[in-house]
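Protein chains in written order, with my numbering: chain C, 1 to 807; chain S, 1 to 239.
The set of hints was computed from the structure by calculation and includes no laboratory data. Note that the coordinates shown come from a computational prediction; the quantities given were computed from them, not determined experimentally. All C-beta atoms, glycine included, are put in the ideal place defined by N, C-alpha and C. It cannot be assumed that every hint is accurate.
Stated by the list, open to error - Taking lysine-lysine pairs in the BS3-like style, the calculated list, with each CA pair at most 30 angstroms apart, reads:
#1 S:K98 to C:K41
#2 C:K30 to S:K157
#3 S:K157 to C:K746
#4 S:K63 to C:K41
#5 S:K171 to C:K189
#6 S:K171 to C:K34
#7 S:K184 to C:K41
#8 S:K59 to C:K477
#9 S:K117 to C:K30
#10 C:K713 to C:K798
#11 C:K34 to S:K110
#12 S:K59 to C:K798
#13 C:K41 to S:K117
#14 S:K59 to C:K746
#15 C:K34 to S:K184
#16 C:K750 to S:K208
#17 C:K798 to S:K117
#18 S:K157 to C:K162
#19 S:K208 to C:K30
#20 C:K713 to S:K98
#21 S:K59 to C:K176
#22 S:K59 to C:K750
#23 S:K184 to C:K176
#24 S:K157 to C:K34
#25 C:K30 to S:K59
#26 C:K423 to S:K157
#27 S:K98 to S:K117
#28 C:K41 to S:K208
#29 C:K335 to C:K270
#30 C:K41 to S:K59
#31 C:K81 to S:K63
Said to hold, decoys possible - The following residues of chain C were derived to be distant from chain S, with all beta-carbon distances above 10 angstroms:
#32 R51
#33 A54
#34 P279
#35 D319
#36 E426
#37 S453
#38 Q540
#39 L601
#40 L695
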Amino acid sequence: MTNHWIDIKNADVVLIMGSNAAEHHPISFKWVLKAKDAGAKVIHIDPKFSRTSARSDMHVPLRSGTDIALLGGMVRHILEKEQFNREYVAQYTNASFIVGEGYGFKNGLFSGYDPGAKKYDQKKWGFASDQNGVPRRDVTLKDPRCVFQLMKKHYRRYTPQKVSAVTGVPVRDLLKVYEIYGATGAAGKAGTMMYALGWTQHTVGVQNIRLSTIVQLLLGNMGVAGGGINALRGEPNVQGSTDHCILWNSLPGYLPSPTSDQVSLEEYLKVNTPATREPKSVNWWSNKPKYVVSLLKAWMGDAATSENGFGYDFLPKADPGVDYSVIFLVDRMYKGQIKGGLVLGHNPAQSMPNSNKVRKALDKLDWLAVAEIHHSETSDFWRRPGVEPKKIQTEVFLLPSCQRGEKDGSITNSGRWLMWHGKGIEPMGQSRSMGWMTVEIFKRVRALYAKESGAFPDPVLKMDWPQDYDADAVARKINGGYTRDITVNGKTFKKGEQVQGFLFLRDDGSTASLNWLYAGSYGPAGNLGRRRDLAQTAMQARIGLFPNFSWAWPVNRRILYNRASVDPNGKPYNTAQPVIAWENDKWVGDVPDGPAPPMALPGGKYPFIMQTEGMGQLYGPGRVDGPFPEHYEPAETPLKAQPFSAQLSNPCLKTAQSDMDVLAKPGDPRFPFVLTTYGVAEQWCGGVDTRNAPLLLEAEPQLYVEMSPELAKMRGIGNGDPVVVESARGRVEAIAMVTVRITPFKVLGKTVHLVGMPFCFGWTTPGAGDATNRLSSSVCDPNVSIPEYKACLVDVRKAEKVTELFV
Amino acid sequence: MSKALFIDTSRCIACRGCQVACKQWHGLPAVATRQRGTHQNPPDLNPFNYKVVRFAEEKTAGKVEWLFFPDQCHHCLSPSCKSAAQSFAPGAIVVDKKTGAVIYTEETAKLTADQCKEIQQACPYDIPRRNDATGRLTKCDMCVDRQHTGLPPVCVKTCCTGAMNHGERDKMLAMAHQRLEVVKASHPRAQLVDPDDAGVIYLVTNPKLALQRPKKEAVANYSRRELLGRLTAPFRHSV
């Protein structure tokens with residue numbers, strides 16, 4: 001979230017799209033309903049009518065995978081009806097930037113496409129610069145090559161009729177949504193966007209989010225109270241684990257993972273540290289070397305010296321162009337290229353797409369260790385239905401892990417708040433925290449290296465590793481401290497003191513921090529994640545901002561890009577609900593995005609400090625599949641052609657190649673229906689924890705497939721009948737839930753049926769059903785390799801016999 | 001002054017936190033359930049579920065309505081179940097003076113099955129359920145134990161949207177009337193359910209749909225196999 005949960009109450013319009021917030025983030029509705037009480041309109045755009053829709057003013061069903069078409073039409077509407085905030089767009093976004101001659105768009109493809117490699121040459125999309133190397137601009141927004149005009153041209157194609165034909169949303173409903181949401185472009189009005197996996201889990205997942213940011217920037221909704229792009233992160237600590245680099249392609253604090261062609265620290269920093277000649281741009285990432293060196297110093301301790309690039313040489317490097325994300329990891333496992341695995345708190349045999357393939361891939365391992373609270377479909381893959389356990393050669397270990405209440409630690413919530421919790425009770429039996437397991441396993445690996453040596457032992461033997469796991473010590477180290485006596489910014493600090501914040505981190509090895517974003521969370525004043533103080537100023541009270549309750553990254557800033565909530569002179573756009581204001585030569589309110597004066601004053605800076613040029617990116621040349629989001633069909637689509645271009649699906653989409661990675665053809669008559677998958681309020685993620693909680697299993701006991709009465713009639717299915725759902729990859733049994741909450745779509749003049757299934761039920765819970773993900777495909781978004789869980793093709797028929805469900 | 005609950009179904013998101021918290025607080029075991037084409041599970045109140053969130057849906061003129069009704073004892077101000085039990089076993093059903101909660105005591109075990117049926121039929125909301133194993137009549141006790149120590153009922157404590165409210169009766173009544181005025185703007189048919197007679201005041205947006213109940217003989221709609229399965233199902237997931 002750029003904003004935070006409480007802030008939702010400040011919105012004039014709440015647009016929930018790609019999310020079933022009421023079911024998956026019930027607490028969000030505390031604030032959505034408060035916004036509604038204050039007169040806000042709540043719009044829910046989602047394929048099915050859910051518990052979220054029930055509490056919204058308007059539910060708009062759209063065919064899964066057509067969000068870009070719908071939002072593209074919204075951009076067109078905002079531009080044509082001039083609903084955008086002109087000053088904001090001209091001054092705070094790259095709308096005025098002149099795009100170089102290399103950029104073009106034709107037949108659904110941007111310039112620079114290489115069909116063989118399925119890749120673009122992104123250099124074609126650069127800005128035209130002046131003699132100083134600063135992008136040329138036209139703040140009147142009239143130059144035909146400026147971003148604003150190119151954007152207008154791009155989305156002019158997204159007429160309500162075309163959008164309606166693709167999404168299945170009637171034109172009148174589209175126009176109603178556009179009008180209501182577009183009205184938040186007025187100064188003093190705010191619209192918030194709440195999204196989750198319904199936007200991300202598509203082959204155009206990143207561009208879905210990109211387009212939402214374009215809408216928010218046009219309407220001046222970034223940085224203001226009640227605005228923002230709000231990713232609803234989950235209770236599994238999605239926010240915290242991403243901050244601390246759960247993904248292969250980043251180091252803690254969103255620093256890029258090094259690649260093997262970046263042979264030295266200097267080279268890595270040179271490639272990854274952006275530079276700008278724009279004097280008003282803060283270009284915050286220019287500080288990257290300080291964060292990288294401090295991270296290396298925290299990892300390697302005394303072994304990190306300037307001679308060895310502070311231990312950069314010890315880091316594993318990815319080969320350039322190779323995808324190490326989990327889909328491709330499983331593919332390598334399936335092909336016998338991986339020997340063993342550690343799976344911590346994850347259930348890939350159940351919650352990863354194409355799970356038949358995942359299960360077979362696990363069969364190829366020599367060994368597998370699973371850290372879990374309960375037995376899962378992954379820990380017990382060797383005795384799954386249809387498999388002879390004797391024939392599985394994998395040696396499997398189950399490491400019993402303890403629950404949250406049994407250990408100290410933290411969760412970072414969606415609003416980026418670090419929430420510390422203390423241990424309530426001792427762990428049951430022999431269960432241990434995963435932190436303890438990690439420390440102990442590595443200690444034993446180290447002992448083996450010390451005894452037997454091995455290839456390149458230095459990274460293993462020299463790492464600064466604790467003797468015992470201590471959550472508090474890890475939190476202290478994440479914040480970071482001084483590694484020697486040093487004078488910074490005119491002040492002297494002693495070795496071992498905690499750093500006050502990331503402004504104090506240095507690139508000479510004198511500071512160590514495991515995550516620059518969290519520097520300041522545990523400074524000299526202690527662990528601020530423990531704070532529960534409700535004190536606030538009158539100004540903060542107006543927007544529900546509690547600066548003394550826990551701590552938010554970065555530097556306790558509660559609303560990101562808040563410098564965009566004021567005009568160039570520092571006056572809030574919304575005077576009733578200001579986030580910050582420039583008063584008597586200083587900022588008041590939230591922690592501003594940097595102390596510099598407002599943009600128009602001497603020494604003033606642009607508001608979007610994380611962007612190299614300081615501007616919100618309407619035009620985003622950094623994404624591999626295009627600088628503007630464009631509608632493409634899901635990899636499996638009921639359509640043979642789409643009206644926006646001849647390019648049916650994302651030209652850059654990624655997919656694993658194996659005999660088990662088969663896809664239905666576009667408009668495949670064998671699989672005529674769209675399947676979308678989701679969670680359910682009563683079960684948590686893949687369901688292992690909650691299926692073992694009897695009271696929750698009582699409330700949601702078995703796998704179901706939601707379908708419209710029209711589809712049910714067509715297939716002769718009654719409500720509550722057991723049915724078989726089949727895709728090109730698998731077959732699943734489920735109970736039919738025939739409901740008016742699912743509605744057939746009129747797409748390009750034809751009826752398209754959609755069915756929906758939860759993914760939480762697995763065979764280790766007897767008779768509950770087995771993985772829905774045996775149906776989904778491992779086709780991915782090209783930017784981040786997130787799989788397309790939300791749209792694939794299936795057939796549904798009445799079951800003659802069921803073996804997976806108690807009926 | 002007695003206490004009351006105000007249940008504003010216009011704010012309910014059917015997360016069923018209340019249903020589950022109720023079972024947890026009262027130490028009630030899970031019952032075996034099946035997916036039958038609805039989220040409503042267990043299908044009805046039973047001796048181990050004092051509270052069940054009911055789901056009802058309909059589509060009229062292209063508009064879908066999905067209603068949620070956290071069903072439980074209404075704690076009538078003049079409880080007819082108590083009157084019915086009076087001659088059978090005077091201490092079986094009592095009213096807690098401090099809270100106004102209608103309480104079924106251990107003495108309900110002294111009632112015969114037929115007497116229980118009579119008491120059940122006296123209830124205008126079809127709430128009491130007999131535990132045939134213990135012979136006791138069961139239902140919501142408004143968490144009278146929690147209330148006596150100053151805590152709100154657990155369903156109220158767990159509710160995050162403001163659907164479940166608890167407090168002095170006059171305050172709850174005022175809140176209910178105030179909310180009704182607001183809700184009527186978007187739901188003209190909205191009404192309060194028996195606000196002057198019950199200790200639990202419901203606000204419903206579509207009374208006809210919200211209060212419709214499956215016919216009692218609905219159980220006959222189960223296939224023979226399903227019925228047998230239900231009768232013989234062990235408490236597979238019991239705690």
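Each hint tested on the structure:
Pair hint K98 (chain S) plus K41 (chain C) does not hold up; C-alpha atoms about 42 angstroms apart against a cutoff of 30 angstroms. Distance restraint check for K30 (chain C) and K157 (chain S): the Cα-Cα separation of roughly 14 angstroms lies within the 30 angstroms cut-off, and the hinted pair is therefore satisfied. Our distance criterion of 30 angstroms between C-alpha atoms is broken by K157 (chain S) and K746 (chain C), whose separation comes to about 44 angstroms. For the given pair, K63 (chain S) sits about 17 angstroms from K41 (chain C) by alpha-carbon distance, which is consistent with the 30 angstroms threshold.
A distance of roughly 35 angstroms separates the Cα atoms of K171 (chain S) and K189 (chain C); the hinted pair therefore is violated under the 30 angstroms criterion. A hinted pair counts as satisfied when its Cα atoms are at most 30 angstroms apart, and K171 (chain S) with K34 (chain C) qualifies at roughly 20 angstroms. Taking the CA atoms of K184 (chain S) and K41 (chain C), the gap is about 16 angstroms. The hint holds against a cut of 30 angstroms. Annotation: proposed proximity of K59 (chain S) to K477 (chain C) is violated, straight-line Cα distance about 57 angstroms (limit 30 angstroms).
Distance check on the hinted pair: K117 (chain S) and K30 (chain C) sit about 41 angstroms apart at the alpha-carbon level, beyond 30 angstroms; violated. A hinted pair counts as satisfied when its Cα atoms are at most 30 angstroms apart, and K713 (chain C) with K798 (chain C) qualifies at roughly 11 angstroms. For the hint pairing K34 (chain C) with K110 (chain S), the CA-to-CA distance comes to about 49 angstroms; that exceeds 30 angstroms, so the pair is violated. Of the pairs offered as hints, the one joining K59 (chain S) and K798 (chain C) holds, with about 25 angstroms between alpha carbons and a cut-off of 30 angstroms not exceeded.
Straight-line distance between C-alpha atoms of K41 (chain C) and K117 (chain S) comes to about 48 angstroms, which puts the hinted pair past the 30 angstroms bound. At most 30 angstroms may separate the alpha-carbon atoms for a hinted pair to count; K59 (chain S) and K746 (chain C) meet this at roughly 18 angstroms. Of the supplied pair hints, the one linking K34 (chain C) and K184 (chain S) holds, its CA atoms being roughly 17 angstroms apart against a limit of 30 angstroms. About 36 angstroms separates the Cα atoms of K750 (chain C) and K208 (chain S), which puts this hinted pair outside 30 angstroms; it is violated.
The straight-line distance between the Cα atoms of K798 (chain C) and K117 (chain S) is roughly 41 angstroms, outside the 30 angstroms bound, and the hint therefore fails. Restraint check for K157 (chain S) and K162 (chain C): not satisfied, since their Cα atoms lie roughly 49 angstroms apart, outside the 30 angstroms limit. Between K208 (chain S) and K30 (chain C), the direct Cα distance comes to roughly 27 angstroms. Compliance with the 30 angstroms bound is thereby established for this hinted pair. Simply put, K713 (chain C) and K98 (chain S) have alpha-carbon atoms about 55 angstroms apart, too far for the 30 angstroms limit, and the pair is violated.
This hinted pair checks out: K59 (chain S) and K176 (chain C) have alpha carbons roughly 21 angstroms apart, not beyond 30 angstroms. Straight-line distance between C-alpha atoms of K59 (chain S) and K750 (chain C) comes to about 22 angstroms, which keeps the hinted pair within the 30 angstroms bound. This hinted pair checks out: K184 (chain S) and K176 (chain C) have alpha carbons roughly 23 angstroms apart, not beyond 30 angstroms. For the suggested pair K157 (chain S) and K34 (chain C), the alpha carbons sit about 18 angstroms apart, so the restraint of at most 30 angstroms is met.
Between K30 (chain C) and K59 (chain S), the direct Cα distance comes to roughly 27 angstroms. Compliance with the 30 angstroms bound is thereby established for this hinted pair. Taking the CA atoms of K423 (chain C) and K157 (chain S), the gap is about 23 angstroms. The hint holds against a cut of 30 angstroms. For the proposed pair K98 (chain S) and K117 (chain S), the alpha carbon gap of about 29 angstroms is at most 30 angstroms, so the pair holds. In summary, the hint linking K41 (chain C) to K208 (chain S) is supported, as the alpha carbons are separated by about 26 angstroms, within the 30 angstroms threshold.
Restraint check for K335 (chain C) and K270 (chain C): the C-alpha separation of about 36 angstroms exceeds 30 angstroms, so the hint is violated. Restraint check for K41 (chain C) and K59 (chain S): the C-alpha separation of about 22 angstroms stays at or below 30 angstroms, so the hint holds. Proximity of K81 (chain C) to K63 (chain S) is assessed by CA-CA distance (about 29 angstroms); at most 30 angstroms being required, the pair is judged to hold. At roughly 5 angstroms from the closest C-beta of chain S, the C-beta of R51 (chain C) falls inside 10 angstroms, breaking its exclusion from the interface.
Distance to chain S contradicts A54 (chain C) as a non-interface residue, since its nearest Cβ pair spans about 4 angstroms, not more than 10 angstroms. With a least beta-carbon separation of about 48 angstroms from chain S, P279 (chain C) lies farther than 10 angstroms from that chain, consistent with its non-interface assignment. Taking the minimum C-beta to C-beta distance to chain S, about 46 angstroms, the non-interface status of D319 (chain C) holds against the 10 angstroms cut. For E426 (chain C), the shortest C-beta to C-beta distance to chain S comes to about 21 angstroms, beyond the 10 angstroms cut-off, and the non-interface label holds.
No Cβ of chain S comes within 10 angstroms of the Cβ of S453 (chain C); the nearest lies about 52 angstroms off, and the non-interface call holds. For Q540 (chain C), the non-interface assignment is confirmed: its Cβ lies about 23 angstroms from the closest Cβ of chain S, beyond the 10 angstroms cut-off. Interface exclusion of L601 (chain C) from chain S stands, the closest Cβ pair being 44 angstroms apart, more than 10 angstroms. For L695 (chain C), the condition that its CB be more than 10 angstroms from all CB atoms of chain S is violated, with the nearest at approximately 5 angstroms.
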